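Chains as they are written, first to last, in the numbering used here: chain A, 1 to 114; chain B, 1001 to 1112.
None of these hints come from the bench; they were simulated from the model.
Bear in mind that the values here come from a model prediction, so they are computed numbers and not experimental data.
Think of the CB as a built atom: it goes at the ideal place given N, C-alpha and C, for glycine as much as any other residue.
Certain hints may be false.
To be verified - One-sided and incomplete, this derived list gives chain B residues near chain A with beta-carbon spacing under 10 Å:
id, residue
1, C1012
2, N1053
3, T1056
4, A1060
5, P1076
6, R1091
7, T1101
Said to hold, decoys possible - The calculated lysine-lysine pairs, modelled on DSBU-like cross-linking and capped at a C-alpha distance of 35 Å, are:
id, chain 1, residue 1, chain 2, residue 2
8, A, K14, B, K1069
9, B, K1069, A, K44
10, A, K57, B, K1069
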Amino acid sequence: NAGVTQTPKFRILKIGQSMTLQCTQDMNHNYMYWYRQDPGMGLKLIYYSVGAGITDKGEVPNGYNVSRSTTEDFPLRLELAAPSQTSVYFCASTHVGLGTGELFFGEGSRLTVL
Amino acid sequence: DAKTTQPPSMDCAEGRAANLPCNHSTISGNEYVYWYRQIHSQGPQYIIHGLKNNETNEMASLIITEDRKSSTLILPHATLRDTAVYYCIVRAHTGTASKLTFGTGTRLQVTL
């Protein structure tokens, strides 16, 4: 199992550009999450999904969009990038209802908006 | 999910036990206590979890008070590699959607 895979690992964007951060998991987890972490700060929840076709907002959803068309994939879309979106983005997944409920994280995607 | 409160930072000498506290006074009966740690800027790593009994694994021990309003993560023999930010969260194991919000955690510095 590869676990949770995020791409790209690093990206530099210009203000106003758009991009998609990819996240895929091969553990058949039903719940998936996107977090952002600013330097020296904790994790803030952007969006989450409880299954294919179902998504909901977290603490800081503005400027982002998500979709969950399959169990495996949970891409995060940034529209009109702004310097305030410079951060490290983490995708995570877990299975609610089975197993330990452990949350598995990807290695992160470092985004800089200039 | 119930909110948690942790001290922002702690120090521990290498080889000594590190005891990291967490308050979760609004925890519900079906919510578990989970601990994660984040080393540098890597993705957080699961450590341990429990409901009401004390738990131990190869990484740590978790002590939960009888009223479940607080818990302590114990690293029995801290090493320099345990220097990290430790997060305590509470969440239901089953049932409806869990937003899984993280607090700011405790930054543990292990020193020689």
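Results of checking the hints against the structure:
| no. | hint | in the structure |
| --- | --- | --- |
| 1 | C1012 | 21 Å, violated |
| 2 | N1053 | 15 Å, violated |
| 3 | T1056 | 15 Å, violated |
| 4 | A1060 | 14 Å, violated |
| 5 | P1076 | 21 Å, violated |
| 6 | R1091 | 7 Å, holds |
| 7 | T1101 | 5 Å, holds |
| 8 | K14/A / K1069/B | 47 Å, violated |
| 9 | K1069/B / K44/A | 24 Å, holds |
| 10 | K57/A / K1069/B | 28 Å, holds |
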